[in-house]
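Student: Chain by chain, the residues:
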Amino acid sequence: MSGPLTLFEKIWRDHVVAERADGQSLLWIDRHLCHEGSFHAFDKLARSGRPVRRPDLTFAIADHYVPTRDRAAGPRDPEIATMVRLLDENTARHGITQFGLNDPDQGIVHVVGPELGLTQPGITLVCGDSHTSTHGAFGALAFGIGASEVSHVLATQTLWQKRPRTLRITVDGALSQHVTAKDLILAVIARIGADGAAGHVIEYAGPAIRALSMEARMTVCNMSIEAGGRAGMIAPDDTTIEWLAGRRYAPKGAAWEAAVAAWRGLESDPEAAFDRELRLDAATIAPTVTWGISPEHAVPVTAHVPNPEDEPDTARRAALATAVDYMGLAPGTPLTEIAVDRVFIGSCTNARIEDLRAAAAVLQDRRATVPLMIVPGSSAVKRQAEAEGLDRVFTAAGAEWLDSGCSMCAATNGDMAAPGERCASTTNRNFRGRQGLGSRTHLMSPAMAAAAAVTGRITDVRQLISGAGP
Amino acid sequence: MIPFTTLSAPAVPLRLANVDTDQLLPARFLRKPRADGYHHYLFHDLRRDAEGRPREDFPLNDPRWADAPILVADRNFGGGSSREGAVYALVDHGIRVVIAPSFGDIFYSNATKNGLLPIRLPIEVIARIWATAEGDPTAPLSVDLAAQTIRLPNEAPIGFDIDPFQKECLLGGRDDIDLTLEHGARLEAFERGYGQAFPWRRPATPA
Numbered sequence: 001m002s003g004p005l006t007l008f009e010k011i012w013r014d015h016v017v018a019e020r021a022d023g024q025s026l027l028w029i030d031r032h033l034c035h036e037g038s039f040h041a042f043d044k045l046a047r048s049g050r051p052v053r054r055p056d057l058t059f060a061i062a063d064h065y066v067p068t069r070d071r072a073a074g075p076r077d078p079e080i081a082t083m084v085r086l087l088d089e090n091t092a093r094h095g096i097t098q099f100g101l102n103d104p105d106q107g108i109v110h111v112v113g114p115e116l117g118l119t120q121p122g123i124t125l126v127c128g129d130s131h132t133s134t135h136g137a138f139g140a141l142a143f144g145i146g147a148s149e150v151s152h153v154l155a156t157q158t159l160w161q162k163r164p165r166t167l168r169i170t171v172d173g174a175l176s177q178h179v180t181a182k183d184l185i186l187a188v189i190a191r192i193g194a195d196g197a198a199g200h201v202i203e204y205a206g207p208a209i210r211a212l213s214m215e216a217r218m219t220v221c222n223m224s225i226e227a228g229g230r231a232g233m234i235a236p237d238d239t240t241i242e243w244l245a246g247r248r249y250a251p252k253g254a255a256w257e258a259a260v261a262a263w264r265g266l267e268s269d270p271e272a273a274f275d276r277e278l279r280l281d282a283a284t285i286a287p288t289v290t291w292g293i294s295p296e297h298a299v300p301v302t303a304h305v306p307n308p309e310d311e312p313d314t315a316r317r318a319a320l321a322t323a324v325d326y327m328g329l330a331p332g333t334p335l336t337e338i339a340v341d342r343v344f345i346g347s348c349t350n351a352r353i354e355d356l357r358a359a360a361a362v363l364q365d366r367r368a369t370v371p372l373m374i375v376p377g378s379s380a381v382k383r384q385a386e387a388e389g390l391d392r393v394f395t396a397a398g399a400e401w402l403d404s405g406c407s408m409c410a411a412t413n414g415d416m417a418a419p420g421e422r423c424a425s426t427t428n429r430n431f432r433g434r435q436g437l438g439s440r441t442h443l444m445s446p447a448m449a450a451a452a453a454v455t456g457r458i459t460d461v462r463q464l465i466s467g468a469g470p
Numbered sequence: 001m002i003p004f005t006t007l008s009a010p011a012v013p014l015r016l017a018n019v020d021t022d023q024l025l026p027a028r029f030l031r032k033p034r035a036d037g038y039h040h041y042l043f044h045d046l047r048r049d050a051e052g053r054p055r056e057d058f059p060l061n062d063p064r065w066a067d068a069p070i071l072v073a074d075r076n077f078g079g080g081s082s083r084e085g086a087v088y089a090l091v092d093h094g095i096r097v098v099i100a101p102s103f104g105d106i107f108y109s110n111a112t113k114n115g116l117l118p119i120r121l122p123i124e125v126i127a128r129i130w131a132t133a134e135g136d137p138t139a140p141l142s143v144d145l146a147a148q149t150i151r152l153p154n155e156a157p158i159g160f161d162i163d164p165f166q167k168e169c170l171l172g173g174r175d176d177i178d179l180t181l182e183h184g185a186r187l188e189a190f191e192r193g194y195g196q197a198f199p200w201r202r203p204a205t206p207a
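First to last, the protein sequences are chains Y and X. Residue numbers for the first sequence follow the numbering used here, beginning at 1 and rising by one. Residue numbers for the second sequence follow the numbering used here, beginning at 1 and rising by one.
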């Protein structure tokens with residue numbers, strides 16, 4: 001690689017340990033995060049009898065299966081208790097730092113990694129979870145891997161990778177009031193499709209991206225995988241550096257100064273070429289909601305449920321009909337007439353402090369008319385929210401205020417919607433049955449989810465706030 | 001892992017796009033030990049109706065395709081969650097080849113590490129395979145990894161692309177950790193130089 005380089009290419013170049021003639025590169029991995037679902041990988045390592053090469057570069061947190069209620073009692077389900085115990089044992093055996101179930105730093109791995117300063121610009125970061133793309137918000141190359149690759153990283157601190165292609169998504173202009181990073185990324189996915197960025201690393205750029213907070217950038221990068229992207233990234237700037245300063249595992253003293261100097265140059269060169277480019281105007285984005293069973297089924301809240309009969313392509317028509325049928329919707333229904341049975345605010349997509357502030361701003365002096373669960377992204381976010389009094393707003397609105405974990409995003413800890421139930425959710429996937437067998441999910445921003453909780457139906461938060469709605 | 005070389009066998013047509021890994025293996029089964037076999041959970045919720053009875057219209061429930069080791073689906077197969085269990089479920093069921101116009105990147109990589117060959121082909125070719133399989137469920141589809149071809153009965157071979165590294169691992173049934181450790185000296189040299197060049201990239205020692 002020479003000449004002008006993209007941000008991604010600069011990070012890639014630094015990390016190549018070896019290259020094969022066929023284009024495969026052995027990449028050095030700076031940071032590895034794992035969770036209780038990583039037991040398959042530890043099993044594989046144990047069978048091979050290999051040690052962990054760099055236990056100082058792996059950090060573990062139980063998040064996917066942990067109880068959000070009565071935390072101190074631990075998991076009641078014996079299979080879940082076993083997974084949590086295996087993570088304890090595996091990390092202890094190999095000398096890996098773990099933030100356990102009752103640790104003040106417990107939380108969702110993609111929220112805690114950045115909070116602790118483990119995520120930094122310029123590093124490679126992997127985790128056995130597809131939403132690892134979140135960490136790209138700091139200008140890291142971060143991507144999800146499977147169990148075999150997790151065991152490879154544990155054994156070698158490297159991964160074989162073929163260099164992905166690059167896609168730059170430039171967002172011009174500014175987002176309108178009450179339009180958030182979640183709406184932006186849903187609009188992108190609707191535009192390019194659920195596999196639109198397959199084989200690509202996405203770099204988000206442009207004034208609308210620069211204007212985003214770190215929390216909002218994490219929401220954007222988090223859902224890169226829902227467009228099929230290998231990773232999503234945003235070049236570091238003052239926002240990034242200020243956010244990282246003083247974090248526990250961030251560099252200190254002279255190392256901090258050296259790091260900042262390096263991070264300042266970590267951006268795509270002006271002449272760098274991307275394999276693909278996409279531009280959109282932030283001002284055209286409205287609060288966005290999904291109606292179907294793929295994140296690409298996203299439309300402005302002012303739209304209607306599509307009519308499959310309008311789709312000329314046979315295969316696509318059948319797919320739309322399946323989605324409309326699964327969701328129990330009538331074609332042509334305005335989205336704002338869809339009643340919801342429950343609301344979930346949480347997940348690695350939208351459970352950071354700003355997300356909770358946005359939800360609280362809507363719920364202040366209002367009441368939820370359907371069950372509302374709020375699960376903070378980390379125990380630190382929970383403490384911060386309580387220090388700001390957000391928990392009192394939530395409980396006064398009738399919400400359940402719970403302990404941190406993946407909860408009803410993955411629905412593996414017992415928090416789930418009943419068959420046929422419709423859930424307004426700040427999560428990342430509206431797949432069939434994702435939030436429980438037969439559940440129906442509508443993805444949206446925290447403010448929109450809070451608005452849906454108040455009215456009991458999908459609601460344009462702009463109307464609720466301006467008083468034009470109920 | 002079991003090497004993959006050639007296969008000539010029936011193909012089960014799955015005319016579905018966006019078959020995400022949650023459909024391949026619902027999350028509630030991820031906690032199960034592999035030793036019990038993951039085939040019990042393959043397409044668990046798509047295969048059954050609300051009452052838990054097998055759906056007659058789901059191709060894998062059709063006795064004619066019960067043992068077909070080649071699965072042919074529509075675009076974006078295996079998108080979503082990185083769960084390798086989705087691949088375990090296919091492999092434990094006896095699937096050796098999945099053909100689709102596009103795959104989730106993580107699924108594709110997971111497949112090649114478990115002896116499951118993912119093949120990208122244009123939708124036009126896939127539509128012909130679907131039609132052939134539906135016309136004659138016993139019609140063999142021939143797959144030759146070394147030659148990088150598939151062949152329908154009475155047709156010329158059709159080429160497909162695969163990364164040479166992944167091809168080598170599949171053909172040899174090789175664990176890529178072994179391959180990596182062959183670069184041990186290089187890795188050690190890199191590690192020393194890297195630590196000196198980028199000292200701040202190591203996690204700081206907490207105060």
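Simulated from the structure, these hints should not be mistaken for lab results. Just so it is clear, the structure is predicted and the values come from calculations on it, not from any experiment. Fair warning: there could be bad hints in the mix.
Said to hold, decoys possible - Derived list of chain Y stretches under chain X, where covered just means 3 residues or more per stretch with a C-beta under 8 Å from a C-beta of chain X:
{"hint": "1", "stretch": "101–111"}
{"hint": "2", "stretch": "152–161"}
{"hint": "3", "stretch": "247–254"}
{"hint": "4", "stretch": "280–286"}
{"hint": "5", "stretch": "381–388"}
C-beta: ideal position from N, C-alpha, C; glycine also.
Student: Next step is simple, just say for each hint if it's right about the structure.
Tutor: We went through each hint and held it up to the structure:
1. 101–111: violated (count 0)
2. 152–161: holds (count 6)
3. 247–254: It holds: at least three residues are needed, and the stretch 247–254 of chain Y offers 5 whose Cβ sits within less than 8 Å of chain X.
4. 280–286: With 0 residues in contact (Cβ-Cβ under 8 Å with chain X), the coverage given for the stretch 280–286 of chain Y is violated.
5. 381–388: violated (count 0)
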